[in-house]
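In our numbering, the protein residues as written are 17 to 191.
Among the hints, a few may not be true.
Think about it this way: if two alpha-carbon atoms lie no more than 25 Å apart in a straight line, the pair counts; the simulated DSS-like pairs of lysine-lysine are [as the list claims (entries may be wrong)]:
| # | residue 1 | residue 2 |
| --- | --- | --- |
| 1 | LYS161 | LYS137 |
| 2 | LYS66 | LYS109 |
| 3 | LYS56 | LYS66 |
| 4 | LYS137 | LYS159 |
| 5 | LYS109 | LYS137 |
Now the in silico label distances, taken between C-beta atoms and shown as ranges [said to hold, decoys possible]:
| # | residue 1 | residue 2 | range |
| --- | --- | --- | --- |
| 6 | GLN60 | GLY38 | 20 to 30 Å |
| 7 | SER42 | PHE63 | 23 to 33 Å |
| 8 | LEU57 | LYS159 | 50 to 60 Å |
| 9 | ASN44 | LEU89 | 52 to 62 Å |
| 10 | GLU177 | ILE133 | 19 to 29 Å |
Keep in mind that the hints were calculated from the coordinates and are not lab data. Please read all numbers here as calculations on a predicted model, not as lab measurements. Heads up, the beta-carbon is just placed ideally off N, CA and C, and yes, glycines get one too.
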Amino acid sequence: MTLDQSTLLYASVLRQLLPVGGYDTSANTNIAIDIYAHAKLLAQTDFDGKRLLSVIHDIPPELISEYEREYGLPLNCSFDDDRSIEERINIVKWVRSHIFGTEYYRQLLSFFGVELINLVKPKPMQCTDPCTAPVNTEQLRYKIKLLVKNSNTANMSCIIESYFPAFLQIDPVEA
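Throw the hints in and build the complete structure from the sequences for me.
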């Protein structure tokens, strides 16, 4: 989209924001000229912002505190707040792109020095399962067992309360 096309779109939106019947929205009025001038500035700002964001691929170290504030960092339950700038940038990048799942929890626990061995959750009953297979009842649906190493180095109850969904019942077990 070119700057002129973007300007026309902004002008259209600004015209729609005018009160109905209060202003003449025809093309040759002072209001139309004013709307076009504002639309051109908005389009230029939008264009410049997109151009800057396409150039900036990394988080500038000068803005790390603002990024941390935006994403709710530093991490709760951590004992060592003296992380390097590079570690802090990596944590911000991780928080920006995380997806809940086993790998997410493995990486999250690694930030606290805890190694996740396995995340065990009961499987739903299948019609092809043998008769001796455990049944996933309503009580077991939200229960998860974490097999972890080095859990004594971190406050596991704080980590579970802060970073795991509230509807899950988490049982950490030292492997």
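Each hint tested on the structure:
1. LYS161 / LYS137: holds, 6 Å
2. LYS66 / LYS109: holds, 20 Å
3. LYS56 / LYS66: holds, 15 Å
4. LYS137 / LYS159: Between LYS137 and LYS159 the Cα gap is close to 7 Å, so the pair holds against 25 Å.
5. LYS109 / LYS137: violated, 28 Å
6. GLN60 / GLY38: 20 to 30 Å: holds, 27 Å
7. SER42 / PHE63: 23 to 33 Å: Given about 27 Å between the Cβ atoms, the range holds.
8. LEU57 / LYS159: 50 to 60 Å: holds, 57 Å
9. ASN44 / LEU89: 52 to 62 Å: holds, 54 Å
10. GLU177 / ILE133: 19 to 29 Å: 21 Å Cβ-Cβ, so the 19 to 29 Å window holds.
This entry does not satisfy hint 5, going by the numbered hints stated previously; all others are met.
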